[in-house]
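**Student:** Those letters in the sequence shown? Residues 5 to 1090, by this note's numbering.
To be clear, the hints were calculated from the coordinates, so they are not data collected in a lab. No false leads were slipped in.
FRET-style restraints, in silico, Cβ to Cβ:
#1 N200 / S29: 35 to 41 Å
#2 K226 / D526: 36 to 42 Å
#3 T64 / P350: 50 to 56 Å
All C-beta atoms, glycine included, are put in the ideal place defined by N, C-alpha and C.
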Amino acid sequence: MSPLKSLALALALALPASACLAYESHTVHRADGQAMFEIRFFDVGDGFFMPSYSAPRASTWNLDAMQKSKILQAMQYWADVIKPASGHLPAVVNVGTYNVENAAGLSPANSKAPWLTQLQTSLLGGDPGLGYFDSQAQFVMGTFDWETVPYVPAQVPPTGRVDVMSTAAHELAHGLGITSSVGSMDEEGKKPYFLNEFSSWNQHLRDDNGRPAKPGQTILCKFCTNPYSPDAFDLRQDKGYFAGAHVSEVLAGAMPGVPVKILWEAGDGIDTNYMSHSELKNSTMSHQSYGNYAVFMEAELAALQDLGYDIDRRNFYGRSIYNDGLTVINEHGYFQRNAQGTDYLPGTYNTALLGVGLHVYGSGNTIYQRADLLTEGPGGVGVRVDGQANTLVVEAGTRIHGNGLNGRGVVFAYGRDHVLVQRGQVQALGELGVAANFDFGSSTLGDDTEYRGSYIRSAQGKALPLLEELQGAQVKRYDLTGSLAGRQAAILMSRNALVEHINVMRGASIQGDIISHYAEKDEQGRLRLSELSFGQLADASGQATGRPDAGFALNYQGNILGSNIALSAQGGLTSLNGQHVLHSVRVQPGATLAGNSRYSVLEGAFVNDGIVAPGNSLGRIEIEGDYLQGPQGTLALEVDGRGGHDTLAVSGQAVLDGQLAVIPLQDWYPAGWSVGFDQLIETGATSGAFAAVNAQAQSPTLDFQVAAAGLTARRAEHTYSRWAPNDNARQAGLALDGIAAVAQPDIQPLYAALDFSAPDGSLVADALEPLSGAAYSALFAGTLQRERQIAGLGLRNAQAATEGQWRGYATAFGSSFSQDRRGSQLEYDATAYGAVFGAHTLVNDWTVGAYGAVSELKVKVRDPHQATGRSSAVHLGLQARYEPLAMAGPFAFGQGQLGVEDGKMSRQLHIGSYQASHRSNWTGYSGALAAGGGYRWALSPSLSMGPVASLAYTYLRRPGTSESGPEGTRLELRAASFSSLRSSLGVESSLNLPLKNEATLKAQVQVAWEHELLNRELSQRASFASYDAFAFSTRNTVTGADALAVTAALSYTPSERLSIGASMSSQFLRAGYRSFSGNLALHWKF
5 MSPLKSLALA
15 LALALPASAC
25 LAYESHTVHR
35 ADGQAMFEIR
45 FFDVGDGFFM
55 PSYSAPRAST
65 WNLDAMQKSK
75 ILQAMQYWAD
85 VIKPASGHLP
95 AVVNVGTYNV
105 ENAAGLSPAN
115 SKAPWLTQLQ
125 TSLLGGDPGL
135 GYFDSQAQFV
145 MGTFDWETVP
155 YVPAQVPPTG
165 RVDVMSTAAH
175 ELAHGLGITS
185 SVGSMDEEGK
195 KPYFLNEFSS
205 WNQHLRDDNG
215 RPAKPGQTIL
225 CKFCTNPYSP
235 DAFDLRQDKG
245 YFAGAHVSEV
255 LAGAMPGVPV
265 KILWEAGDGI
275 DTNYMSHSEL
285 KNSTMSHQSY
295 GNYAVFMEAE
305 LAALQDLGYD
315 IDRRNFYGRS
325 IYNDGLTVIN
335 EHGYFQRNAQ
345 GTDYLPGTYN
355 TALLGVGLHV
365 YGSGNTIYQR
375 ADLLTEGPGG
385 VGVRVDGQAN
395 TLVVEAGTRI
405 HGNGLNGRGV
415 VFAYGRDHVL
425 VQRGQVQALG
435 ELGVAANFDF
445 GSSTLGDDTE
455 YRGSYIRSAQ
465 GKALPLLEEL
475 QGAQVKRYDL
485 TGSLAGRQAA
495 ILMSRNALVE
505 HINVMRGASI
515 QGDIISHYAE
525 KDEQGRLRLS
535 ELSFGQLADA
545 SGQATGRPDA
555 GFALNYQGNI
565 LGSNIALSAQ
575 GGLTSLNGQH
585 VLHSVRVQPG
595 ATLAGNSRYS
605 VLEGAFVNDG
615 IVAPGNSLGR
625 IEIEGDYLQG
635 PQGTLALEVD
645 GRGGHDTLAV
655 SGQAVLDGQL
665 AVIPLQDWYP
675 AGWSVGFDQL
685 IETGATSGAF
695 AAVNAQAQSP
705 TLDFQVAAAG
715 LTARRAEHTY
725 SRWAPNDNAR
735 QAGLALDGIA
745 AVAQPDIQPL
755 YAALDFSAPD
765 GSLVADALEP
775 LSGAAYSALF
785 AGTLQRERQI
795 AGLGLRNAQA
805 ATEGQWRGYA
815 TAFGSSFSQD
825 RRGSQLEYDA
835 TAYGAVFGAH
845 TLVNDWTVGA
855 YGAVSELKVK
865 VRDPHQATGR
875 SSAVHLGLQA
885 RYEPLAMAGP
895 FAFGQGQLGV
905 EDGKMSRQLH
915 IGSYQASHRS
925 NWTGYSGALA
935 AGGGYRWALS
945 PSLSMGPVAS
955 LAYTYLRRPG
965 TSESGPEGTR
975 LELRAASFSS
985 LRSSLGVESS
995 LNLPLKNEAT
1005 LKAQVQVAWE
1015 HELLNRELSQ
1025 RASFASYDAF
1035 AFSTRNTVTG
1045 ADALAVTAAL
1055 SYTPSERLSI
1065 GASMSSQFLR
1075 AGYRSFSGNL
1085 ALHWKF
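Build the full structure now, drawing on both the sequences and the hints.
**Tutor:** This is the structure:
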């Protein structure tokens, strides 16, 4: 692909301009809407479009619509790259064809500014003058073997044929000014010299010694015949270069400038394009036989800047490294540019066509990438690596995203012995996106011209001597501990790129397929393998150590496809789920390979020296090939109680040794359950045998037995009740023993949780009593304490009244009480609060009255019950007190009350994997009767003391109720009731202190021994809802036998009509019980 010789151009420029007969015109706009190019396509018969040696050119064949669209895409690339000056736009570019296997492009010199081409002048804002065939630039497409697939932006040419877009971009670049103005004083071109019309490109050229070119200067080279002159432009070493400030900024000392050549690549003759190309290695703008860059490198864009173009280079390259042997911590990010093109917008995605976040051109570098590289532009890439022996470390927390159409996260495009250490996030989630791509691609001139790759170099299908940079795997190690996600593939190794080792280690996640198309063989005819390992131990820097990692765990949902991929599980748990075509598979000792997959093993075998466990629970592994299990190997096959099981299916031969472990999953196993080994393993042929077969299940209730044909399960007698820690738990256990023979799906999950709990039966023991519903007894205990408190308040607030007058009162009360576990008495905490209100009057030394109460009660039953009861109650009562004298003599009292409650209970069951929530509600009733009396002796006018005794009867009733919740464990509870008769014997003291203005202060203290006279246990009968025939009973202590009760009260009466009081009480010497209650009362006369 060359521009026409300058000498020929000079002749062509003498041709008169000619009007075009016809053409197809397209306008190419910049993103800001500015029209930059008018592209005119000339078909056969459309007239002249370009000057030539002796006669103007007219097209000899027609470009098709696809070729034209790709040429327009190349023009769009330049419209995106260059920001032109306004004034003489759009620039007109003629495009036609000729019957030569080549391509050529030119733009004549501007007659008024001959150092510029007409196209340069137009884009820089000047008047380009009269152009040939009404255009400022022209290029011609020859009869190359052009590729014919629709254009998809790509970092490396993908098709193997000559790339239309890259060729068109190359040829227009000559018109942009990448062309020397050199002539020759002989027809053979061996006497080159710089023309006096000195191009802008010439102005930046330097010879082997760094000296600038000059107008009229002769050129020396290996095959040049110019006589030696110390003033000549010396290229005898062919080390000329293009120099400029922008180029120097990019190259950063890696080389003096962009290299140019006067000789052909092989060094066997003069290239009469005379330094009109960039000879950076493999450049699309080079005259090398091999080039795998689709568009310009950053240094080449910098050269255009040095020619005067306004280019926002950072929009297309975040950073480039042309040096060798550096250690670089790269904190340069790559993002969308601001509207002015002066800075990045961090965190936003770049949208440039074929943009590159980081380009590594040099060799032997170690780069630590610490800044995000984010692109969603078509063909954009986070990192492109060329050169040799570069190490790229993607640091933890770093994001490299190539999320555009055909985007790449990271692409290794050339060389050998690279290393990739990925600890951060790499992704390419756009259409055709590949997260980690290893691909030399094709040459822009097609594979027939030259084709390269790992251990590959050929032309016209014939092998060429391997270059040093091709004598090894492109990447020798890829260590992955980060996140990798690609839409087309997570990892893609092309047909010409070998990755020697891919190590997936702890912390890695992979979304997308892993694919290798590489299938080259070594000198011995052996396939060159990519070893893909899972579960190596990573060191602190994320690099593989070669040792197994027992803590590794990965669940991969994707396909692994590659005839040269040797897969190995080296440690921990690897679950692969997909279709895999592989060279071989090996499970190393200490590693587990699980998942649902089909393995097509092409050359090696599937070798198990570790653990193969199909599925992620129940599942299937199919092996198309042979299965070899060594002495250390274990085939772990899971089964369930419903006939489900793992399967290992081998189409070839299964060579068996080691262990077969059958693992029953947590499930319901009915009586008579069994599974045959022939259901678990399917083989085409079998040799050898398992050295050991066992069932890996430790159950407190099930006994799994291995027989010759398979595995069976049975339950022993009293399977569940034998673990009961007390009688109530035993009752529930006996019910479960019986139900096991007829268990339906509703209760089977409970059995599964119990059967696969701790083998010492501890979970079964802890579960039985909560299952029994014994928690309801704690609500009875709380209700009993509340009944007693309300009754006591009704009595204590019956103060003496004036004969025939009524006194009213209102009392707010609260209490807190708790009980530790004592035998069958449950452990709970309770709180109650409410209000008592009433009125009384005095009739013949009898104080009589009525009262009412409203209250709330909450009882929280402690573990293992995890239950909460609530009760909202209303009470009405009558009371009477005989007291002839306030400070001395006998007294007597009596009381009766009735109550109704809205009761609720919520029970939570957490039994291993079984979870259930049950609720119930009911309307219950209560009643209380009390009678007592005592005697007081007046110790002083204000102090009295004497004995007091009483009997109090309380009755509680809860009707039968049904719980809601999961059918298996919800309870049907029969009606239950409880009666208490409590005696109290003690002493009471009163102190009445007169105050000023007829006010009084009264204090009372009562200490009494309380004793329960009836049965203290509550008996409840219940059944699991669907299993009434297996009802069971529980008995729980509701109240203690004895307690020391202490009550203290204080009241203040400021006047005859009003008094204010408070009291506190508690019980002592009751085992494990703590209580405190108090109230505030207000009395008034009406």
